[in-house]
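2 protein chains.
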Amino acid sequence: MDESRLTSTSMNEVLERFKAGKPAALSRGISIVENQRDGFEAFLHAAMQTKLQGRRIGLTGPPGAGKSSLVALLTEFYISQGERVGVLAVDPTSPQTGGALLGDRIRMNDIAIDENVFIRSMATRGSLGGLAATTKEILDLMDCFGFDRLLAETVGVGQTEFEIARAVDTVVVVLVPESGDSIQAMKAGLMEIADIFIVNKADRPGSDKLVKEVRQAIHLRSGHNFKGFAGHHGPVIEVHDTAELNELDDELGWEPLVLKTNALTGEGIQELTQAIESHEEWIQGSGELQKRRKLRTEVRIREVMHRELVNRSIASRTVNKILTKRVEAVLSGHATPYSVAMELVDQFLEKDQ
Amino acid sequence: MDESRLTSTSMNEVLERFKAGKPAALSRGISIVENQRDGFEAFLHAAMQTKLQGRRIGLTGPPGAGKSSLVALLTEFYISQGERVGVLAVDPTSPQTGGALLGDRIRMNDIAIDENVFIRSMATRGSLGGLAATTKEILDLMDCFGFDRLLAETVGVGQTEFEIARAVDTVVVVLVPESGDSIQAMKAGLMEIADIFIVNKADRPGSDKLVKEVRQAIHLRSGHNFKGFAGHHGPVIEVHDTAELNELDDELGWEPLVLKTNALTGEGIQELTQAIESHEEWIQGSGELQKRRKLRTEVRIREVMHRELVNRSIASRTVNKILTKRVEAVLSGHATPYSVAMELVDQFLEKDQ
Numbered sequence: 001m002d003e004s005r006l007t008s009t010s011m012n013e014v015l016e017r018f019k020a021g022k023p024a025a026l027s028r029g030i031s032i033v034e035n036q037r038d039g040f041e042a043f044l045h046a047a048m049q050t051k052l053q054g055r056r057i058g059l060t061g062p063p064g065a066g067k068s069s070l071v072a073l074l075t076e077f078y079i080s081q082g083e084r085v086g087v088l089a090v091d092p093t094s095p096q097t098g099g100a101l102l103g104d105r106i107r108m109n110d111i112a113i114d115e116n117v118f119i120r121s122m123a124t125r126g127s128l129g130g131l132a133a134t135t136k137e138i139l140d141l142m143d144c145f146g147f148d149r150l151l152a153e154t155v156g157v158g159q160t161e162f163e164i165a166r167a168v169d170t171v172v173v174v175l176v177p178e179s180g181d182s183i184q185a186m187k188a189g190l191m192e193i194a195d196i197f198i199v200n201k202a203d204r205p206g207s208d209k210l211v212k213e214v215r216q217a218i219h220l221r222s223g224h225n226f227k228g229f230a231g232h233h234g235p236v237i238e239v240h241d242t243a244e245l246n247e248l249d250d251e252l253g254w255e256p257l258v259l260k261t262n263a264l265t266g267e268g269i270q271e272l273t274q275a276i277e278s279h280e281e282w283i284q285g286s287g288e289l290q291k292r293r294k295l296r297t298e299v300r301i302r303e304v305m306h307r308e309l310v311n312r313s314i315a316s317r318t319v320n321k322i323l324t325k326r327v328e329a330v331l332s333g334h335a336t337p338y339s340v341a342m343e344l345v346d347q348f349l350e351k352d353q
Numbered sequence: 354m355d356e357s358r359l360t361s362t363s364m365n366e367v368l369e370r371f372k373a374g375k376p377a378a379l380s381r382g383i384s385i386v387e388n389q390r391d392g393f394e395a396f397l398h399a400a401m402q403t404k405l406q407g408r409r410i411g412l413t414g415p416p417g418a419g420k421s422s423l424v425a426l427l428t429e430f431y432i433s434q435g436e437r438v439g440v441l442a443v444d445p446t447s448p449q450t451g452g453a454l455l456g457d458r459i460r461m462n463d464i465a466i467d468e469n470v471f472i473r474s475m476a477t478r479g480s481l482g483g484l485a486a487t488t489k490e491i492l493d494l495m496d497c498f499g500f501d502r503l504l505a506e507t508v509g510v511g512q513t514e515f516e517i518a519r520a521v522d523t524v525v526v527v528l529v530p531e532s533g534d535s536i537q538a539m540k541a542g543l544m545e546i547a548d549i550f551i552v553n554k555a556d557r558p559g560s561d562k563l564v565k566e567v568r569q570a571i572h573l574r575s576g577h578n579f580k581g582f583a584g585h586h587g588p589v590i591e592v593h594d595t596a597e598l599n600e601l602d603d604e605l606g607w608e609p610l611v612l613k614t615n616a617l618t619g620e621g622i623q624e625l626t627q628a629i630e631s632h633e634e635w636i637q638g639s640g641e642l643q644k645r646r647k648l649r650t651e652v653r654i655r656e657v658m659h660r661e662l663v664n665r666s667i668a669s670r671t672v673n674k675i676l677t678k679r680v681e682a683v684l685s686g687h688a689t690p691y692s693v694a695m696e697l698v699d700q701f702l703e704k705d706q
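One line per chain: the protein sequences are A and B, in this order.
Under our numbering, think of the first position of the first sequence as 1, with each following residue one higher.
Under our numbering, think of the first position of the second sequence as 354, with each following residue one higher.
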């Protein structure tokens, strides 16, 4: 079916089948949201009549760090635990056609036939704005479809991943030894969002050095109070006793864990799942999860409100009439975008309802 | 002086000195805009009481393509022609400290002491949203300071550069032979914004192949009508007779030029400046420049208006009171961000002025 001719009747059909738990309807629903089809917000509203409680893990890092392979391994692990897993992969550096992603997806395709797994890629290079908001809406949609676990994979090259990080419970930042320079450039921002650092492709030269550098950066940021705790770490942290870690965390907050993995051999994956569990226990026990969910709900509401305000101003005949008149005044230097914008806002708020 | 304690009095001082043409005041003004200091829009409004008529050239492309070197060479050329040149370099992949840029800037520093040149870098990795809008405001500010020519350099890795491209008259896309894959990924979007393609580092293997590929992509996009014109191109286009090109352009629109350069030897730079001139003549003669300026003025007004609407809604006590109440309802599944947002918009537009 041609989605450009999607009617509200067929949207209702999608909704019914979505609520009945049909994966094809989830797929269609995501397309509705991704393309911001007429009525997509009403669709989301109708779909979201439920508590969002999927456990959300985000993986971010530079292109080629092996995020997709790690996501595939994590997915395999969680379905082996009887969980239903939804995967969303966002690559803002790829064109809509998404050719670049296909190679990475081979392993993913092996597990994609499992009925407990749902995988969606968004390759959205060149789409103007709104990527982060759309991604969060798709995560919400996947969440209320009823997955136990949501894995969000984002390429960390711009700014989008920082926003998406705020839409998950646990942020895993994936680094590789050879991407030294880009890591340097990314570090400042990544330190703020990472709950767990992974040095993937750990068999390659420089991985121990990178682990050490990341730990130093963490401790530098944490300050002197953390030095005792930092000494507790071995060259690769071993998370055998999560209770012990949690005790420290409750006192100290969460200090990002640093682990080595090799997605090709599966080395370190068990430790990664343990680290994720450890972080989940901490955010639940400390009240941090509740805090994050509340904050991201507020952010979601505000984003929708802002989009609606903007859309109504775009549709406003009063606004458009004045705008058309005033453009020439700005071009000739007799007005500025600021004086015209303030006039438009005042008119819009007073007279245009 | 500590800018965090910038008062409106000192902002007025900056403004006076800005209008008197002091580069230090431009620098301070840019910081005011970049940090969105209280009153920055009033500052921009007061600064912009003039027609914007600087000729604007944007350079974009992948990291390491040699954009900075090309900008330095172009700057040298334009000041040798007696022009005053403003340069704005935006790298959304670098942290605020901007260490990564310093290496590239050495050549730039050689010309930075010329009194007819002003250079500003923004390394803004991790800044949340608004980068494109801020960049455009800084370009406007530099424009009304009175430069004959504005050069905007943006790293093409995300989406920001597409928006910034719309803030200039002539878009130069810089490619290098070795970045084949990323170019493939970028092509779709770049085709839409490029007025001139540069294959830099033309001494490296693969440069002729890349020139050929880019031309094929252009012709594929232009369709059959352009075949005759395409045949006019040699392996490297020679722009000796701009009138001839313009005649074709008036009939056919503008077909992006493809040139080879070597920023290290200066090879191809003269051809680049001719291509830029040729494009400028075309946009002026064809009415395209007027169209672009009108469109970007409209976009600027709308951006300011949207920001103001959002800011007023954030400051609204009515909105915040309802929001605080309703978050719990969303968390428990009794409301959605969509129902709450619509309620907030209605309240804001009706009662909150």
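In case anyone wonders, no lab produced these hints; they're calculated from the structure.
Treat the hints with care, since some could be wrong.
As the list claims (entries may be wrong) - Result set (DSS-like, lysine-lysine): computed pairs, CA atoms no more than 25 Å apart in a straight line:
1. A/K321 <-> B/K404
2. B/K647 <-> B/K674
3. B/K644 <-> A/K325
4. B/K644 <-> A/K291
5. A/K294 <-> B/K678
6. A/K321 <-> B/K674
7. B/K404 <-> B/K674
8. B/K678 <-> A/K51
9. A/K19 <-> A/K51
10. B/K404 <-> B/K678
11. A/K51 <-> A/K294
12. A/K291 <-> B/K674
13. A/K321 <-> A/K294
14. B/K375 <-> B/K404
15. A/K294 <-> B/K674
16. A/K325 <-> B/K647
17. A/K291 <-> A/K51
18. A/K321 <-> B/K647
19. A/K51 <-> B/K565
20. A/K325 <-> B/K674
The structure displayed is predicted, hence computed values, not measured ones.
Practice problem: Enumerate the violated hints, using their earlier numbering and listing them in ascending order. | Solution: Hints 2, 4, 6, 7, 10, 13, 19, 20 not satisfied by this model.
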